[in-house]
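The listed protein sequences derive, respectively, from chains A and B. For what it's worth, the numbering used here labels the leading residue of the first sequence as -2, then goes sequentially. For what it's worth, the numbering used here labels the leading residue of the second sequence as 72, then goes sequentially.
For the record, the hints were derived by calculation from the structure and aren't laboratory data. Heads up, the beta-carbon is just placed ideally off N, CA and C, and yes, glycines get one too. Possibly wrong hints are sitting among the right ones.
[What the hints assert, rightly or not] Simulated restraints, written as ranges between beta carbons of each label pair:
hint, chain 1, residue 1, chain 2, residue 2, range
1, B, N267, A, G117, 52 to 60 Å
2, B, Q373, A, G59, 56 to 64 Å
3, A, V89, B, Q245, 12 to 20 Å
4, A, T113, B, E498, 46 to 54 Å
5, B, Q143, A, G59, 38 to 46 Å
6, B, N267, A, F114, 33 to 41 Å
7, A, T32, B, P335, 53 to 61 Å
8, B, G125, A, R101, 55 to 63 Å
9, A, G90, B, E540, 38 to 46 Å
10, A, G59, B, N354, 43 to 51 Å
11, B, A308, A, G117, 32 to 40 Å
[To be verified] Computed cross-link-like contacts, SDA-like style, restricted to lysine to any residue with a CA-CA straight-line distance of at most 25 Å:
hint, chain 1, residue 1, chain 2, residue 2
12, A, K42, B, G228
13, B, K512, B, W444
14, B, K512, A, G81
15, B, K511, A, V41
16, A, K84, B, G146
17, A, K104, B, P205
18, B, K136, B, G146
19, B, K346, B, D231
20, A, K88, B, D231
21, A, K84, B, Q529
22, A, K38, B, Q529
23, A, K63, A, G81
24, A, K119, B, D203
25, A, K84, B, P205
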Amino acid sequence: MRSGVRTRAVLPWILATCVTAVVAAHHSTSEFDYTQQVTIKGTVKEVQWTNPHSYIQLMVDGDGGKRIQWSVEIGSPSLNINMGWRKSSVKVGDVVTMNLAPARSGKPYGTLRVLTFANGQKLEGVAARVGGGQRGAAPAPSAPAAPSARKEP
Amino acid sequence: MYHHRVALLLCAAALLAGVSARAGQIGAATAGRQALLGIWVPDAAPRALLTSTGKTPPLTREASKLYTERRQRLGKGDASFDPTSWCAGPGMPRILTMPYPLEIRADADRIAFIHGWYRWFRIVDLGAGTVDPPLPLTMGFPVGRWEGSTLVIRTAGLIDTTVMDASGLPHSEQLTLIERLRVLPDGRLEDRITINDPENYTGTWDTTLTFHRDASAAVTDDVCPDRMAGGEPAERAAVGRRTASGTPAVSARTPAVAANAVAPAPRLTGVWEPKTFGIMVPNAPLSVAGQEIVTRNAAAMQAGRIMQTAWVSCRPGAVSTMTMPREKIVILESAGEVTMLFEMPRMVRRVRMNASHPQTLEPGYVGDSVGRWEGNTLVVDTLGFNGYAELDARGQPTSPRLHTVERFTPSADRGSIDIATTIDDPEYYSQPFTIQRSWKKSPARHPFEYDCMENPRQEDFENAYYVRERYRPVCMRVEGEGMAPSKMVCRL
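In isolation and in its complexed conformation, chain B is listed as follows (with noise of 0.2 Å):
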């Protein structure tokens, strides 16, 4: 009897010493993960990356080659090796080495890293354990775990167009990456990143990017192609504080504490896709300047020309997204915000909630947005656009006088959204109108990713009808063979 009584207390022991520890990981990885909430700027950017030793990193021979011969063609003004010199994605770790401030978002089932860098993000998924990616993408499919209050994150399936960083440092479709993210004892946030790359380089070696808060940081909506027609490079040489077509106002956002609080009871979180493709907005009551835009584009279409929109052309607006939705979807929510992630077309969306727009707004593709909940609807309203979106296939136009207002509300059973937007732009239409869309449930744990500018082809070009001016493509060569070229991309 003496023996069951030991017995039993040693097992309640055990117990309750692993239920505690158990509870001490989950608190170490809440504690990890408020602790990386919030906007980051690069301490370094470095233009060539260096191993953690402040090494040279091992290139196998035929890399070496390579990699002598890219910095020579940067030595003379190239970098077209770099597909962000024409806009396309820069992969990772690529977009870790650019001069722009970055911002962690997260879910108890994901971290999102919005970057500062023409709408990109990346979704680490907490929950996958491992993937098989069908495709190789940009910034891969990555996954991660606590360990501590360290995030741990392993991506795979890395398109092998992309170099390691802007001096161009090779890596192939075989390369893995292992982050350590944690937030050191001053504050700064390291990322030690472990490459495995048997393909270039000799061994496996390891990198360390270092960032740093900055309150009056923002990640704004950057458009690369815009940066590009106004004369500036596709990368600024050093980390700024605005975008020059960023938006929304600095002023505008809500500070980082308060966006990040931990929403009550969050209802859209999640992963979503459209339960249709939206391509077409029809009845619009189109006023009789809308119509004659309308019906200049048709003729263009009826003569067999590429209508070339801001969609088209890679600077979607926010009432694109919400009017021809396409692809997933992912809702991040905080008792500050909502943000939403859209992978086609690429672009970020924030909400700020309960609070009023500012008096005066920069005017930008994806406007300012502030949103309520009446009842079970969240209630978004935007105003501050640029007017260079299109709402449909059509082209039908909208101006900067455009003002949304979106009513998102979830199922009972929360498998799918109904949103209900009403469009007034007194400027194209002749009163107010509603559309209505619907997304479900993703079954999906990564969204896929649309690099709009990652292949421009003359095809598209060629025989195009330019809806607006400010669409025409920049810096376009051509490179291919004689009168078959197969590949056109921009030129620094």
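Just chain A, with the same shape it has in the complex (with noise of 0.2 Å):
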């Protein structure tokens, strides 16, 4: 169920599109809308720890009963790692809610936030760290860290 659609202006457009540009660690943001913020709940399908991005395909329940797969790129294998996930921190079959930066084709895609548990645990994706930084140099990422307990924005 896409539970929720809230807009407001997070950053800067220019920002989002050129001094974030490889924060996901290969391609341009310019897809994602980080203007926008759209939070789906659903059962995890799949993830994909892969190169160059890791994705979670998330199965939502839409209109009509009509299930909808969306694809949610998390970050990459050494960002995640560095930001505290490990494997087996997101299961097929896990209940989460995601948080995300939807694309701009308005496709079922988007680039994740934050994820949080049923029990309210939190890890943070990719997208949580665009507008870090400074213009021309992103922070490298620190040692590996526990999962986030960022409030939701």
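Combine the two chains into a complex, taking the hints into account.
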């Protein structure tokens, strides 16, 4: 179920398309709209711990009982490990809520800000880092840390 | 009193014997290491692994079924169960079965295997003892030790989406490998591999691969997507001396003996990581032609299109490793060569020390680098680029006229390296300019790995803007469900 769509100007557009351009490690992030926030809740169908990007395929209940498969980019293996993820962090069948920046295309696709488990535990995705860092250089990730308890925006 | 003297003498003798034995072990390890160094060419590069006694591996019933199915697919020309077919990581032991040379480099703490297929390398940690892999990787987390002059490598943490050989021999994430490498009396290198994977095999089994020296062989900068775009297979059929996109020219290589001589005082050796992620090169003095390209790129990005640069299309140039440093870098130093192994983008850069550029250079992504020490600074001069590299996330271009001079200065405590890279490319920049980056010592024992071609997704390409036509991917097909494909791969 797409439980809510909230919009607010989080960042100047140029920041989203330029300064943060390879925060996701590989390609430009211009395909995502960082001024948007979409929250979806569903069941994990697949976790792809792959390069250049890692993904979670999430099955979400849509209108009329139709199930929609969302593709959510979560980062890249090295980046996610540095952010505290482990391969066992998210499993097929987990019911999770994801806050993400959606694709500009309007397709069920986005980049993860925060994933919240049923027990309230949270994991940050690559989009949580958008906007951080100085122009021309983004901060290198620190050593592996415990999963974040950051408050969902 | 007499008994005390006898006891003392016995103690001293035991101590001397112990020291002598230890010295003998160290001597054997040193000799073993020196014998391994250099370039090796596979004797057979088997398409299908057999046990050391020539038998089919002891597959479980389920694994046997899967293996039979894969062999049938292979018979019909479908090798898509093998990630190498779309230039993704071969993994272990698959990469050892490929018909490409490999080079062994080493320092006191690690052994590096630099493979001739698409810039892959693996780093064997000699100091870890045990390792707890945070995530399986194609090359796993190899840990080594010396038993006399034999190098014993234990590898765990291997990803299960690779295959053991070209015929599709399966394995799971439970796979562990124990390799025993030694140089045989006839001069060949033997790698006897013990394979333990209870999910797929009814028992432990071993296979033996051998390699020989070939003075004309070189481990060049192989770029798989370029070969595929040129109509070649992802993996060639037999051992060859050159790759189509390989650089530098063989004549520009340092002879193996000189390259491997011990560096008198290594100053850069170790594992490093960027202090910051550099993703922009601000204030570059773009020429009119350069500005035109950057403006075009910006317009495409503002339209929401995904910019496909050399980096994004998995064939970045060496200059990108300096302007956009990401993840860990392993440096190995010997008297003749400083070798830089970059995790992301995956790349092997070689700096031939106290050497000159050859008169004719075959253009390539990494160019030809020569170095010299000026006091405490390593100065690296690089020519011979092919012009397929962008300096940053805006796609600031480079041309074959690019000439870089990098100055690597380690700090007094050896905890960091400052790098000043001067970029001179009159095609796109009105004057030379310098960018500064810094690396710091990494606590990591192993670099992670970046398998850029592993999972190309439809979303990455359906709204793409290709900065250069060369970056357009080849042989894609959708593998997924209806309108929600989750993977895209290439097929031979």
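Please write out, lowest number first, the hints stated earlier that are contradicted by the structure. 1, 2, 11, 15, 16, 17, 19, 23
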